[in-house]
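Peer 1: Top to bottom, those sequences are chains A and B.
Each residue of the first sequence is one higher than the one before, counting from 1 in our numbering.
Each residue of the second sequence is one higher than the one before, counting from 1 in our numbering.
Calculated from the structure, these hints are not laboratory results.
Keep in mind the model is a prediction, meaning the values are calculated, not measured.
Any given hint could be a false lead.
[Stated by the list, open to error] Listed below are several chain A residues computed to face chain B (Cβ distance under 10 Å; list not exhaustive): (1) M1; (2) V41; (3) P49; (4) L57; (5) H61; (6) A62; (7) R115; (8) R124; (9) R126.
No residue lacks a Cβ here, since even glycine has one placed at the ideal position from N, Cα and C.
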Amino acid sequence: MTAVGYRDGVTAADWRTAIRESAAALVDLGVAGEGYPDACVAMVERHGPYIVLAPGLALVHARPEDGGLAVGVTVTRLASGVPFGHPDNDPVDLLLTFCTPDAEAHVGSLATLARALSDGLAERLRAASDGTELLTTLKEVFPDAQGGESGGQR
Amino acid sequence: MTVPLDRPLDRPLDVLTVCGVGMGSSLMLKMTAEDALRALGVDARVECTDVSTARGMRPDVVIGQEMHTSELADLAPVVIAISDFLDKDGLQATLRDRLTARGWLA
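With the rest of the complex left out, here is chain A (with noise of 0.2 Å):
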């Protein structure tokens, strides 16, 4: 069971707040922790942007011993992008934010993740006309998907 939420419209002045802000979808879904939002940060402090994987997207997470209570991806869409410090795929505009509760449970969850990333699901999340054709579309990667009733327009 995969928990999917979504944040869109968010309004964030830098990356520290983007990215606490798409964790904190994690948090209402119930999938993850109050510390889970900073230590995404963190994780970001110590090891760099490395994870703006793509041009314009981030995959944000943290550890499991950080929060991870099960498993839950989100994905948050920023008014206007931010730069994350990333050499070549800066700015950010898209971020999906994930949970697990170990090192294991999530990895099916991913490997679907990618598959629907390398068949255009960035693209298709940056065409959503709003905030609920953005979590059906997420929703739509993920067949054992259930939640998202935390998500919002901020």
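Based on the hints, put chain B in the right spot on chain A.
Peer 2: Showing chain B alone in chain A's frame:
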């Protein structure tokens, strides 16, 4: 200076994808690399890990963001830096060139 060609491998190619933590980005890159290698007809085993763990490994090929591969330049005979982990066609072209140069791809 001529670079000596390695002999063709008589075993599956050992490929390592790396990122900072080894559970998100490198897993996405693993999927892309598997697709690219399959398209090239290369028999390969692809693993993903974090940059620290990677230092203790001896793969044939390492793939990651430049900010990580620059730390792993001596780890493998073939080290590939890419910025777009979802660009299967780009990675496939790079793998074709680099593996051919090694004599690992006819």
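Peer 1: Of all the hints given earlier, name the ones this structure violates by number, lowest first.
Peer 2: Hint check: 1, 2, 8 and 9 fail, others pass.
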